[in-house]
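Here is what each chain is made of, one letter per residue.
Protein chains: 4
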Amino acid sequence: MNSIYDAIIVGGGVIGGSIAFQLAKRGKKVLLLEKDRLASKASSAAAGMLGAQSELDVDQPLFRLATESREMFPELAEELKDTSGIDIELVNKGMFKVALTNDGAAKLKNIIKTQQAAGLEAQWLSTAEARKAEPLLSDELKGAMYIPKDGQVSATRLSLAFTKSAAALGVDIKEFVHVSDLCTKDGAVKGVVTNIGEFSCENVIVASGAWSAFLLEKLGVTLDTYPVKGECFSVLTNSPLLERTIFSDGCYLVPKVGGRIIVGATVKANTFDQKVSLEGISTLMERATQLLPAIKETELEKTWAGIRPQTGDGLPYFGEHPACNGLFIATGHYRNGILLSPITGVLMADMVEKKKKPQWSAFRLDRAIQPLFS
Amino acid sequence: MNSIYDAIIVGGGVIGGSIAFQLAKRGKKVLLLEKDRLASKASSAAAGMLGAQSELDVDQPLFRLATESREMFPELAEELKDTSGIDIELVNKGMFKVALTNDGAAKLKNIIKTQQAAGLEAQWLSTAEARKAEPLLSDELKGAMYIPKDGQVSATRLSLAFTKSAAALGVDIKEFVHVSDLCTKDGAVKGVVTNIGEFSCENVIVASGAWSAFLLEKLGVTLDTYPVKGECFSVLTNSPLLERTIFSDGCYLVPKVGGRIIVGATVKANTFDQKVSLEGISTLMERATQLLPAIKETELEKTWAGIRPQTGDGLPYFGEHPACNGLFIATGHYRNGILLSPITGVLMADMVEKKKKPQWSAFRLDRAIQPLFS
Amino acid sequence: MNSIYDAIIVGGGVIGGSIAFQLAKRGKKVLLLEKDRLASKASSAAAGMLGAQSELDVDQPLFRLATESREMFPELAEELKDTSGIDIELVNKGMFKVALTNDGAAKLKNIIKTQQAAGLEAQWLSTAEARKAEPLLSDELKGAMYIPKDGQVSATRLSLAFTKSAAALGVDIKEFVHVSDLCTKDGAVKGVVTNIGEFSCENVIVASGAWSAFLLEKLGVTLDTYPVKGECFSVLTNSPLLERTIFSDGCYLVPKVGGRIIVGATVKANTFDQKVSLEGISTLMERATQLLPAIKETELEKTWAGIRPQTGDGLPYFGEHPACNGLFIATGHYRNGILLSPITGVLMADMVEKKKKPQWSAFRLDRAIQPLFS
Amino acid sequence: MNSIYDAIIVGGGVIGGSIAFQLAKRGKKVLLLEKDRLASKASSAAAGMLGAQSELDVDQPLFRLATESREMFPELAEELKDTSGIDIELVNKGMFKVALTNDGAAKLKNIIKTQQAAGLEAQWLSTAEARKAEPLLSDELKGAMYIPKDGQVSATRLSLAFTKSAAALGVDIKEFVHVSDLCTKDGAVKGVVTNIGEFSCENVIVASGAWSAFLLEKLGVTLDTYPVKGECFSVLTNSPLLERTIFSDGCYLVPKVGGRIIVGATVKANTFDQKVSLEGISTLMERATQLLPAIKETELEKTWAGIRPQTGDGLPYFGEHPACNGLFIATGHYRNGILLSPITGVLMADMVEKKKKPQWSAFRLDRAIQPLFS
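Chains as they are written, first to last, in UniProt numbering: chain L, 1 to 374; chain R, 1 to 374; chain H, 1 to 374; chain B, 1 to 374.
Honestly, I wouldn't trust all of these hints.
In this list, chains with the same sequence are indistinguishable; a pair is considered to hold if it fits within one copy or across any two.
What the hints assert, rightly or not - DSS-like, lysine-lysine: derived pairs with alpha carbons at most 27 Å apart:
#1 302 x 132
#2 107 x 132
#3 357 x 107
#4 28 x 190
#5 190 x 25
#6 132 x 190
#7 302 x 275
#8 29 x 275
#9 28 x 132
#10 132 x 354
#11 93 x 25
#12 190 x 302
Read the hints as simulated data drawn from the structure, not as lab findings.
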């Protein structure tokens, strides 16, 4: 007979792993189900940028979520290292969001002004100043916004650290399990149906990234989400070319430990096809060379693609289903899954524990499934 | 707007590929949809034995199907080579089904008698005779049944040859497409719903191996099928150790081109977990060494697992759904998918063309879904 | 005690394999030594073009060698398939050497005239005519030279087929063996010294490609050779984009079975570094897209590099060392190792058997090591 | 023109990397040359045990070297993390050296006594006590020696951390460079000859592991060394099976981060063949299962082999060549390369700086090459 779990999490990526970790820390009995291998999809495909200020506008609700999540990383890194032995390779050397045109420079200067007004650190650097810090940057750039706090981590190691820490705290993990349905009774979750049998639980959290829609659709929940493919490549050097992440429209370069640089990412909507196209990689190579000419000499290590969950209004969904007690959803993180994973874990654990967090109402489910209330 | 296909095949493995190839040869407009990559699951995991006489009993309906399918290979090999350029590496050097005990030897002798009575070639060899043909076989064996006609092919190349030949004949192929539902009207198929949109068609053939159940269940069709994992490994030698396939209870050795030997396969029911276990490989290694001591010195190349579709009565399902015109199913090939793929392609193409084949009624769907008729 | 070999071949690539195969056919007792794995370097990195007429000028001595070698492929393909079971995937659909400029077109027309005068098949096609045969070629090309006889093979399978056929004929093969010296007596070879001991023999053939120089230098033989790196990539499609090989200055596209296309190759002299550079791949991608715009949509499969042995005058070296009886050298095949492998095998076997072939004197060693005679 | 290096290190494994790091810290201008890729051979193949007390006898000179080196790891781990960003995954949870027989137990108890007498921490545990700490250990063991200080690291990450830290401190690194000779003048090193030209230097340190002999032999230095192959495999689990390293005769299990366990290692002398044999892996699997029955259920991740440099008397060689000033040698670390890498780096840097360390005279070169003095 199966025991009754406090929560079953569907999805073993960085979001499911973070939720499992937080619930386990609160003493919950948790089962994590993954249809493939842990962290085998978008979570491992990410470059690991923590681009709160570089990717988002200051007046977006997502901005506040992102900066709060970013602040959690230093402490989280230590906690995960202690629990799992895994170093997430957090690098806090900041980011350069560079301008390729004078227009771009003007725009960045405005963003800096807005962010400074909101109390955030950001600073304009001339091309010469930027090249003093990063001498191999192209001298044809038109300056850069320096964001000291937008760091980066190893996405693969973070995802692994979450799930392995969760396992160390007692979470049961099963891979290659396909969840096909919920068991419900009187409008409340009672368990899940899978290809290896049923499991009983009080709560189910769907955190399957771009694949969430398949299960949710089966459950009669239609969120406004769609998959977006991103292609990347990495290069290797013996001596590092960069210390800081370089971010521009259409291309970023994230310097990893050991002289590795990850270059990303293309944007192709509405496909689950994980193939890497010649055109995608070729375009990224051109853009990367424009930013950092010396990258031409580096060794091409590998190429890959990931499928990220985007939503109609660009905001993730966090919430409990209005018509089904105990069914929670956390998806739609798009390009910010790594950055948002720490706060998503805490936020969803709070929801399961019925702790209200009114400040995050922008991400509620009923903006998508309001008809259910009528 | 999408064009209307004569047939949409769901599943890009060896069975789906064979059906696509046969339908294309008959001038049908065909779309092949695969949820992952072509031939990425059981079709590539198979060892490629064509074990009609070694795996099956002469009075089983499957036996006749298997021997007929086996006879199709020589001509098929040429046809696929002409169409796709791919050599399926058909080897027709026969098989030794060996006895490890005197009881086993007696049993094999009986099988030989029965098969000879049925007009099939099979012959008893003493251990000395067997070792004359295969000098590295263990001298502790208790003789062998020699089956001249049970050959073997490269499973991966056969699967690829089917799909690439189909493509060369005009079949459209789409990978990473998830079919979530059928479109029907007045009890007849009109198309399929997928994550990249709807496609119109006259007929749908579900040929997704062990994954067929997920889609069929959604369509309200419950066949008595279940997945069975098989683990394998391969070794490499510079000089070949074997010419013929060696088959025993619990272990077979299939000599491939280039001095490669595939050793298979464990049997683990009711799991989609594609992980290779230490115990599975360790047990196979012991058994292989018992049959062919010299295999100890070979280089271990790789290990893998595949998930095969088994059925309650051990027979595959071929047929049109009784309550849904145009919905065809071909699944449940278990360990014989490679062997049965040629005849399955022809048989299903016949069905789509409404050609009756009464001799194959043992495989009809209604043995499983009879309630639908009441 | 080691037995005495008729010949020891140093190098397990396509050249060493071909020589081993020919010597074994002539009843010689042969040992093949490879410092790494068989065919692990340039032999597997090649695209497999048989570009006798596309790569060479009609009045070069190499041209005659290349065309003779090319003619050997159809019969060789059958022989290797019979002996080893391996299909070398010989494709005889010809090649288009395309012009990117009007100047280039004029040049090609001249080459055609010269080749026709020499009795070879070659034909000018307008862009429209070329696109009738290969509809996806760019319409910005300026016509093409059609060479019906310049086919292609799978380089990896050819290399493997040679060594495995040699093994089937009794050749001993040892991998990961480092030959450090020769044993000689009275100016004649008596054996080789390796890290696993000494082996006695009558003849030694050095066929280690770009690595030949290391051993030869140690033996006091300085040939005018140097390594040239070539980078390649491959793409995958479900429906083939090309039937024929497309060749232009700086880029070729070779359509392989299964919808694969190999794109090559850069040229970087004087390095053994097998790393693939971002710049190399990026440049090839641009050029390939210029020839075949539809390649942009294909899936990038992989990238790799090989190190080819070039010589000062661009001609290979075939011969017996003038001051050391029984020491033979076959190296310097540069980009034509696959194409020249059949004739090299025969030619070197002839030399070992003391059969004179005066027509190939252009490739004699003493053009490089003449001082040895003085 | 090449600049003059203070030191050129031949070999980019864990030993060469450690020496490069130490010399760079002392302000030396260093060039590191590697014939293949950095840390691509034995350094990455190691399990990373720091088995000073488990592998060695207390009265051996190597024992003192090993314990001193082991003590350096905690500080080194921080230093390498600071310099390169790479966490070497040092785990300090101790080791269980287990007894499989009563005789083995008696022997271990004696060792404990000797080590305690020498002031080292070591403790006898009954099987019940050992299983209290490691509940999945077999109950058929006969007790264990607990060594609190024998920890472990990630061998691959340590090797990478050394070379990348060296690079960060200004060391030049070149891969795929073959050193074929020394330049000397008046009995002193002046540079090295490589396939990409000559490089000038004051000192050369040969640290090429099992491959050192090839270069040294060429230089007329014959050390009494030979290669020893070791085969390993790794398994994966979601929940860790072990916390501490388990060591027995013929098999060890090293629990890595993320639920990975490395199992090693076979011992095959006098081969550079890096192939993994069926027999080697099969034997290790049996032994591992005997120690930790639950390992049967784990997923087999991969198998590999490494070639370690052993010496005639089992001791490494550290020293300057008596007849060639500036030619240093550091090789022969056998199974202790990872453990001994920190102290080897310091020791060789001291030698290059002409600092005498009389306590390490047991490792001097002249025990092997004494004839050179006569």
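Going down the list of hints, with the structure as the test:
Taking identical chains as interchangeable, the C-alpha atoms of residue 302 and residue 132 are never at most 27 Å apart, the minima being 30 Å within one chain and 37 Å between chains. Taking CA atoms no more than 27 Å apart as the test, residue 107 paired with residue 132 passes inside one copy only; the shortest distance there is 22 Å, against 50 Å between copies. For a Cα distance limit of 27 Å, the shortest separation of residue 357 from residue 107 qualifies neither inside one copy, at 34 Å, nor across copies, at 63 Å. In this homomeric assembly, residue 28 and residue 190 come within 27 Å of each other (Cα to Cα) only inside a single copy, at 16 Å, whereas the closest approach across copies is 48 Å.
For the homomeric pair residue 190 and residue 25, the shortest alpha-carbon distance inside one copy (23 Å) is at most 27 Å, but the shortest distance between copies (51 Å) is not. In this assembly of identical chains, the alpha carbons of residue 132 and residue 190 never lie at most 27 Å apart, being 60 Å within a copy and 37 Å across copies at closest. When the C-alpha separation of residue 302 and residue 275 is checked against a cutoff of 27 Å, the pair qualifies both within a copy, at 13 Å, and between copies, at 12 Å. Proximity of residue 29 to residue 275 under the C-alpha cut-off of 27 Å is restricted to the inter-copy arrangement: shortest distance 26 Å between copies versus 38 Å within a copy.
Within a single copy, residue 28 and residue 132 get their C-alpha atoms only as close as 51 Å, which misses the 27 Å cut-off; across copies the closest is 26 Å, which meets it. Within a single copy, residue 132 and residue 354 get their C-alpha atoms no closer than 51 Å, and across copies no closer than 39 Å, so neither meets the 27 Å cut-off. With identical chains, the CA atoms of residue 93 and residue 25 are at most 27 Å apart between copies only, with a shortest distance of 23 Å across copies and 30 Å within one. Neither within a single protomer nor between protomers do residue 190 and residue 302 lie at most 27 Å apart by alpha-carbon distance, with minima of 44 Å and 40 Å respectively.
Of the numbered hints listed earlier, those contradicted by the structure are 1, 3, 6, 10 and 12.
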